[in-house]
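My request is simple: use the sequences and hints to build the entire structure.
Chains V and W supply the protein sequences, listed in that same order. FYI, my numbering numbers position 80 of the first sequence as 80, with every residue one higher than the one before it. If you want my numbering, it's the 1-based position in the second sequence plus 109.
Worth flagging that the hints you see were computed from the coordinates, not collected in a lab. Wrong hints could be hidden among the right ones.
[To be verified] Pulled a few chain W residues facing chain V out of the computed Cβ check, cut under 10 Å: (1) Glu126; (2) Gln146; (3) Gly149; (4) Ser196; (5) Met197.
[Stated by the list, open to error] A short list of chain W residues far from chain V (calculated; beta carbon distances all over 12 Å): (6) Phe129; (7) Thr206; (8) Asp207.
Keep in mind that this is a model prediction, so the values were computed, not measured. Even glycine gets a Cβ: it sits at the ideal position worked out from N, Cα and C.
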Amino acid sequence: QKEVEQDPGPLSVPEGAIVSLNCTYSNSAFQYFMWYRQYSRKGPELLMYTYSSGNKEDGRFTAQVDKSSKYISLFIRDSQPSDSATYLCAAGSQGNLIFGKGTKLSVKP
Amino acid sequence: DVKVTQSSRYLVKRTGEKVFLECVQDMDHENMFWYRQDPGLGLRLIYFSYDVKMKEKGDIPEGYSVSREKKERFSLILESASTNQTSMYLCASRGSTDTQYFGPGTRLTVL
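Have a look at this one:
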């Protein structure tokens, strides 16, 4: 079993939709959780990170972690065509970081 | 802002050539990483380094070596490039926090 599982998509939504991206993880020792955004042919850029269960909000983005069910989510409100990218979740502990394979999102105008 | 740069965005090499990929970070980070990224396989860790001249194998080190002579620079070496090493190569660095910062990537094609 992979340590961090992520549905690869692709996911296509109309502009303005609420997007939900999800990951599950298997290692209960993971202490920190991150979301990266990767545009085509570019390196991943850090979008959000959190160390605890609950929600963390940054503008149109909300990261949610449920440690009891080992579930990580990213919500995007009022999605824009510029949000079209691959989103990578990551989880880790003690300096290690395990990445999901990424979900490709397309937001149609 | 953390800045991680990679020496080339695109590289084309022939089978059997020795290939050097360079990565430089400007934030005095101790930890640096090399990944490759392939469709359907995600990011796979090749090597990482937690200090100058220190290195550790990642999940797929075969066919690769690394060099870290200075804190800011981490090099990935393909001793004899093969077609199955055609990939996107990503360098990352990490300081005292747990977040990794990535470079723009090098898309390597081995013919």
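Structure-based check of all given hints:
no., hint, verdict
1, Glu126, "23 Å, violated"
2, Gln146, "9 Å, holds"
3, Gly149, "7 Å, holds"
4, Ser196, "13 Å, violated"
5, Met197, "8 Å, holds"
6, Phe129, "19 Å, holds"
7, Thr206, "8 Å, violated"
8, Asp207, "5 Å, violated"
The structure shown violates the earlier hints numbered 1, 4, 7, 8.
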